[in-house]
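Going by the numbering used here, the first residue of the sequence shown is number 1, and it counts up by one from there.
If you are wondering where the hints come from, they were derived from the structure by calculation, not from laboratory data. Built from N, CA and C at the ideal position, the CB exists for glycine as well. Treat the hints with caution; some may be incorrect.
[As the list claims (entries may be wrong)] Have a look at the derived ranges for each label pair, beta carbon to beta carbon:
#, residue 1, residue 2, range
1, Val105, Asp35, 32 to 38 Å
2, Ile28, Ser114, 15 to 21 Å
3, Arg25, Glu73, 17 to 23 Å
4, Asp61, Met109, 19 to 25 Å
5, Ser19, His88, 28 to 34 Å
6, Met37, Arg103, 34 to 40 Å
7, Asn75, Asp100, 17 to 23 Å
8, Val105, Asn82, 23 to 29 Å
9, Asn121, Gly94, 32 to 38 Å
10, Cys3, Glu95, 17 to 23 Å
11, Arg30, Arg103, 23 to 29 Å
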Amino acid sequence: MMCGEWQLLFTTNQLGIPSRQLRFREQIQRLETGDTMGNLTNTVIFDYADDSGMSPQLTFDITGKFDVKCSYEMNQGISRYNITLNDHTLDLPGEKRPRDLNRMVQTLMRAMPSELFDPNNIAVDTTFCDSDFRIVRYTG
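Given the sequences, and given the hints that come with them, work out the whole structure.
Written out as structure tokens, the structure is:
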């Protein structure tokens, strides 16, 4: 029942002011399940405006995909599992590249909930409402 691709809608505390230079188009979580272990990938598809000034009109001229690749192990039945971070990957398919790649990644890091950007050693409780809807609570 967990296997598949899930659209992420979340509530979490976010520190600071959101960046005008970044907008998320889609956030999904892909689960590949085994008996008690599997793989989990958090994916953000985004647009980034590489304008260094604070002009009122930003041009979102960079589109990318950021993946947080993890493995997980079931802890208590199908409702709780522990996550281990394996890798971060960034794909910028167009020709345009940011002038400051580190700054763009820092902006992504601040915009994503920390439990999605760096889920290492986090436990997850899952409640299934039906086959299409689940509620997930990340516990530190």
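- Violations among the numbered hints: 3, 5, 7, 10
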